[in-house]
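Novice: Residue 0 is where the sequence shown starts when you use numbering that gives the first Met the number 0, and the numbers rise one by one after that.
This list has only true hints and no planted wrong ones.
DSSO-like mimics (lysine-lysine), calculated; alpha carbons at most 30 Å apart, straight line:
(1) K158 x K24
(2) K302 x K343
(3) K276 x K336
Cβ pair distances, simulated, as ranges:
(4) R15 x L60: 22 to 32 Å
(5) E305 x K336: 18 to 28 Å
(6) D366 x G223: 17 to 27 Å
(7) G62 x D17: 19 to 29 Å
Bear in mind the hints are in silico, worked out from the structure with no lab data behind them. Ideal Cβ placement from N, Cα and C applies to all residues, glycine included.
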Amino acid sequence: MKRIKSALISVFHKDRLDEIAKLLKEFDIKIYSTGGTYDFIIGLGMEATTVEFLTSYPSILGGRVKTLHPKVFGGILGRRDNKDDLNHFEEYEIPEIDLVIVDLYPFEKTVAGTNNEQEIIEKIDIGGISLIRAAAKNFNDVLIVPSIDQYDDLLNLLKEKEGLSSIEDRKQFATHAFNVSSHYDTAIFKYFNQGKDDIFKQSIQQSTILRYGENPHQKGVYYGDLESVFKQLHGKAISYNNLGDLDAAINLINEFNETTFAILKHNNACGIASRPKLIDAWKDALAGDPVSAFGGVLITNEKVDEETAVEINKLFFEIILAPDYDEKALEMLKTKKNRIILQKNSYDFTGKQFRSILNGVIGQERDLKTETEEDMKVVTKSTPNEYEKTDLLFANKIVKHTKSNTIVLAKNKQLCASGVGQTSRVDALKQSITKAGEFGLDLQGAVMASDAFFPFADSVEIAHKAGITAVIQPGGSIRDQDSVDFCNEHNISMVFTGYRHFKH
0 MKRIKSALIS
10 VFHKDRLDEI
20 AKLLKEFDIK
30 IYSTGGTYDF
40 IIGLGMEATT
50 VEFLTSYPSI
60 LGGRVKTLHP
70 KVFGGILGRR
80 DNKDDLNHFE
90 EYEIPEIDLV
100 IVDLYPFEKT
110 VAGTNNEQEI
120 IEKIDIGGIS
130 LIRAAAKNFN
140 DVLIVPSIDQ
150 YDDLLNLLKE
160 KEGLSSIEDR
170 KQFATHAFNV
180 SSHYDTAIFK
190 YFNQGKDDIF
200 KQSIQQSTIL
210 RYGENPHQKG
220 VYYGDLESVF
230 KQLHGKAISY
240 NNLGDLDAAI
250 NLINEFNETT
260 FAILKHNNAC
270 GIASRPKLID
280 AWKDALAGDP
290 VSAFGGVLIT
300 NEKVDEETAV
310 EINKLFFEII
320 LAPDYDEKAL
330 EMLKTKKNRI
340 ILQKNSYDFT
350 GKQFRSILNG
360 VIGQERDLKT
370 ETEEDMKVVT
380 KSTPNEYEKT
390 DLLFANKIVK
400 HTKSNTIVLA
410 KNKQLCASGV
420 GQTSRVDALK
430 QSITKAGEFG
440 LDLQGAVMAS
450 DAFFPFADSV
460 EIAHKAGITA
470 VIQPGGSIRD
480 QDSVDFCNEH
490 NISMVFTGYR
500 HFKH
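Produce the complete structure using the sequences and hints provided.
Specialist: So this is what it looks like as structure tokens:
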């Protein structure tokens, strides 16, 4: 155990600093501090020594240089068990500094609040980051408190150990310190490296330990701030697989402006419908595949009312996510203690996606393309009617968020069926037709969407036999004309969008 005899304090946030200063006084710890911090401590009726008095240098260059001096950094970096260092302490009248409390200029907050480059540059901390690194490096002798987030830990340590600290304490605080400094430097680098993809550098300060990973024998953790995306109102802890489904569900529902309800399993929609009334959207979404809906993830873009909650409550499901709930609807949904009920916040995802792969990371721009009628190029003699156009765009939104290879069949803004994650497009189509038949959904007059082009005409031939009257696909095959010719011969409308939507 080591007694703390002196402390250097240089902070902007004065919250709880009075508590810290009083404890330092109680344990007879000498305080060195910079301008504003010194004024605050003196204002408490306590003693402190200015850094300027210690170094015999004032704060210069508009405050850019305050603590960068051998008497400050020597006092922090000096090794108490090294004879030469101790001789330098004596020769140059350097005081030992055992505790450093510092916070950094708010760089990230400044970047978020202004485009003024000079203002941003001035918020790149030099002295503070140097103090943190120096004190953390010499954790064998010095305790470093790198941000206000560690104030509670410091107060508890001072109270419990009465002004003493162990090597384990100091190393733990040093770990926090290097986390703070590395995150700060990452934020600065990302500001300077905007628009470039040559280096992958991320720093996420929040994490949540999950019950397990994809399977119970795997550990799992989520890095990020879930509370900015949604608020959990009820139920058990969210799992690794839940998060994957929620990500897919939110990205899907964000495609729709009209009242829509969707049901997902393993990241794919097994039911979705858009209707003027929420209860009708729910009933038609469920009708698409009531078997797969069991244990699924439910999402809507409208407030859940009591009428709809009554029907939803008849199904066993894991999660429901909505922007809001009626009081009685929420009360009803809470009758299952483990059911996860989430309230969706307004949140914009970043424009890039990353995935760990092999011994590295791959990144890409998020697929933000949502086709409109202007993107549909009619390539057949027959032109889709207004109802078909609406359904084609509806189906294309779904196919964009479904695992490849995929085919989506839709009618009257309802998902009739989809074939997902198949190794051939024909298999995906056959799967979707079979599923629609199993649940009694009539495909006469339905439309078909494909995430990628048809390499042969076999898919449109099969679709025609099932009753499909209109098709939307990216186009781009060297044999596109084969599919177009078949459609012309059988009065099927086909449109190309020019945009592929693979999802793996």
